[in-house]
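Enquirer: In case you want the letters, here they are:
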Amino acid sequence: MTTTISSRPGRLNRTILLLLGVLLLLVGATARGLATGWLSGLLPGVPASDSPVLPEVAFDRLLRQAWVPYAVAGLGLVVAALALRWLLAQLPRRSGTGRIGVGDESGRGVTRLDASTVADAVEHDVEGYAGVRSAHAAVTGGRSGTTLTLSLVVEPDTDVRALRDRVRDHAQARLARALGVGEVDGRLLVTMGRGGGGTAVT
Amino acid sequence: MSRRTRRVVPAVVAGLALLALGAWAATAAVGHLLGREPTGTAGPLARALAGSSWQDPAVVGAGVVVLLLGVVAVCAAVLPGRQVVLALQGEGAAGPATGITRGSVRRAVRAAAEDVDGVDHANASLRGGRVDVRARSGLRDVGDLTARVERAVDDRLTGIPLARRPRVRVRTSTTRSDT
Chain A
5 MTTTISSRPG RLNRTILLLL GVLLLLVGAT ARGLATGWLS GLLPGVPASD
55 SPVLPEVAFD RLLRQAWVPY AVAGLGLVVA ALALRWLLAQ LPRRSGTGRI
105 GVGDESGRGV TRLDASTVAD AVEHDVEGYA GVRSAHAAVT GGRSGTTLTL
155 SLVVEPDTDV RALRDRVRDH AQARLARALG VGEVDGRLLV TMGRGGGGTA
205 VT
Chain B
10 MSRRTRRVVP AVVAGLALLA LGAWAATAAV GHLLGREPTG TAGPLARALA
60 GSSWQDPAVV GAGVVVLLLG VVAVCAAVLP GRQVVLALQG EGAAGPATGI
110 TRGSVRRAVR AAAEDVDGVD HANASLRGGR VDVRARSGLR DVGDLTARVE
160 RAVDDRLTGI PLARRPRVRV RTSTTRSDT
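Protein chains in written order, with our numbering: chain A, 5 to 206; chain B, 10 to 188.
Honestly, the hints are just simulated from the structure, not real lab data. Yeah, the Cβ is synthetic: ideal placement off N, Cα and C, and Gly gets one too. Some hints could be false.
[To be verified] Which chain B residues face chain A? A few, computed with CB under 8 Å, are given here:
#: 1; residue: His-41
#: 2; residue: Leu-42
#: 3; residue: Gly-60
#: 4; residue: Trp-63
#: 5; residue: Gly-79
#: 6; residue: Ala-86
#: 7; residue: Pro-105
#: 8; residue: Thr-107
#: 9; residue: Ala-172
Just need the whole structure built from these sequences, with the hints factored in.
Expert: Structural data, given as structure tokens:
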């Protein structure tokens, strides 16, 4: 299994990175403002630049509050759990699970097929093409039509133009026939494998 | 079909840092609740912070590092980043929207250059709509090698019909030094 097109944590990553970045900028800028004394000149009650970062008295007073360790433990766990979820979102997901309908548009005699079964059949089809090393297919159906998403690893000397035509004329056409629909939208991601063409495999 | 970088590397680095930070804070707090040495590893850190002022070089340095990390994170979030999947020309209404990874194009160009007679080793890079090929040859006289490599790379790119066909630049050099 190779790159899957379905996993798209890009937007999530950029959103969280932006929030974190702004937070870090604020913290860093505050530290600069305190160190240079700029902040204490601007606002009353701000510690001077030669005062301790964490006054011992304040720390002790904080620890004596009964709720503080619970709050820190709870907050720490929440941050760790969210971070873990964010990390897991980076892993590729297999999409196209679920069911898609087969049959005429009148709605009578519609057969429901497992999307991954259909995808497996397409993968088997495409893996037989010249130059294709491995294939990953996902079939997703919606009101707007069925989409076939193919991710192929091919030999380095493959003619991509010919491969795309073959996908259009064979895999896409067969899928459309099998599902009893006029046409199927296609998305194709090509990755050329290493090796071959005189390049040493290391 | 094209796609820009998903910023997975900065996301994983930041995610691991947050995971470590959260776990450390929770461990220290639970340790404190269980009556261990005041706050576990947080104790020494608190003492160090109590002993240093905002002007201390270590504190100032840490502040600058935090500021720089913030700049990096905001840049990673806002800048579009490099295109990792390049779109191919759309041909025929029923054809699939096709994309190819940047690395694939680079490998294909490199393999095409290395297949040329007289080329021992080649490197290719693809950026800003231009393919740069550096071919090294063991021949004493490289002659028309540059032109032949250019032709081979052009032929190869014909089989990969990129929506924005890159310009090809080839440089050849010889590994043999005349004595």
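Enquirer: Confirm or reject each hint.
Expert: Do the hints match the structure? See the list:
1. His-41: At about 5 Å, which falls below the 8 Å cut-off, the nearest Cβ of chain A leaves the hint on B:His-41 intact, so it holds.
2. Leu-42: Holds: closest Cβ of chain A sits about 5 Å from B:Leu-42, inside 8 Å.
3. Gly-60: Holds: closest Cβ of chain A sits about 7 Å from B:Gly-60, inside 8 Å.
4. Trp-63: Hint on B:Trp-63: holds, closest Cβ of chain A at ~4 Å, below 8 Å.
5. Gly-79: Holds: closest Cβ of chain A sits about 3 Å from B:Gly-79, inside 8 Å.
6. Ala-86: 4 Å, holds
7. Pro-105: At 3 Å from the nearest chain A Cβ, B:Pro-105 passes the 8 Å test, so the hint holds.
8. Thr-107: 4 Å, holds
9. Ala-172: 12 Å, violated
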